[in-house]
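Participant: Sequence:
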Amino acid sequence: MGSVVSRDQEKSVLSYVEVGVGEGAKLLVGGKKAEEPDLAAGNFVTAAVFDRAARDMRIAREEIFGPVLTASSFQTVDDLIDAANAVEFGLAAGMWTKDLKTAHAVAGPP
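All residue numbers for the sequence shown refer to our numbering, where the first residue is 1 and numbers rise by one.
FYI, nobody ran anything at the bench for these hints, they're computed from the structure. Among the hints, erroneous ones may be present.
Below, a list of computed lysine-lysine pairs in the DSBU-like style, where the Cα atoms sit at most 30 Å apart [as the list claims (entries may be wrong)]:
(1) K32 x K11
(2) K11 x K33
(3) K26 x K11
(4) K98 x K33
Computed spacing ranges between beta-carbons, pair by pair [unchecked claim]:
(5) A105 x S3: 38 to 44 Å
(6) E88 x Q9: 15 to 21 Å
(7) G22 x K98: 29 to 35 Å
Note that beta-carbon positions come from the ideal geometry of N, C-alpha and C, so glycine has one too.
Using the sequences and the hints, build the whole thing.
Facilitator: Structure, rendered in C-alpha cells:
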C-alpha cells in the first residue's frame, strides 16, 4: 500500500477510522499510522478493514481516499442493489457470493 497524498489526508483517513469505530463498525485490522521506521516519517496508514458497516455509516457512504475497506452482508439481492445505489460516489465495490448466476445477473445490464 502506498502513502496517502499528504499529511492532511493522512489525518483525514485516520479520522474516518475513528468515525467508523464510533458509529459501531468493527475494525478488524489496521487503521493506524504506520510505525515501521521506513514508513513512520511519511504519510502511511495501515490498511483498515471494517466489518458490520451499515449503509448509513459515513465510512460506507463517503469517499475516504485512503486504505479503508468496509464489508457488509446482505440477505437479498434487492438489499445489495439498494445499498450499492444508495451512495453518491463509489470508485470501487465488490460482491462475494456462492451463487454465480445471481452475481452475473446483478453485474449485468438491467
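Participant: Confirm or reject each hint.
Facilitator: Hint-by-hint comparison with the structure:
1. Among the hinted pairs, K32 with K11 is consistent with the structure: their alpha-carbon atoms are about 10 Å apart, no more than 30 Å.
2. For the given pair, K11 sits about 9 Å from K33 by alpha-carbon distance, which is consistent with the 30 Å threshold.
3. Between K26 and K11, the direct Cα distance comes to roughly 20 Å. Compliance with the 30 Å bound is thereby established for this hinted pair.
4. Proposed proximity of K98 and K33 is contradicted: the alpha carbons are some 36 Å apart, above 30 Å.
5. Against the hinted window of 38 to 44 Å, the Cβ-Cβ separation of A105 and S3 comes to about 39 Å, which satisfies the hint.
6. The given range of 15 to 21 Å is respected by E88 and Q9, whose C-beta atoms sit roughly 20 Å from each other.
7. Under the hint 29 to 35 Å, the C-beta atoms of G22 and K98, about 33 Å apart, fit the expected range.
In summary, the one numbered hint that this structure violates is 4.
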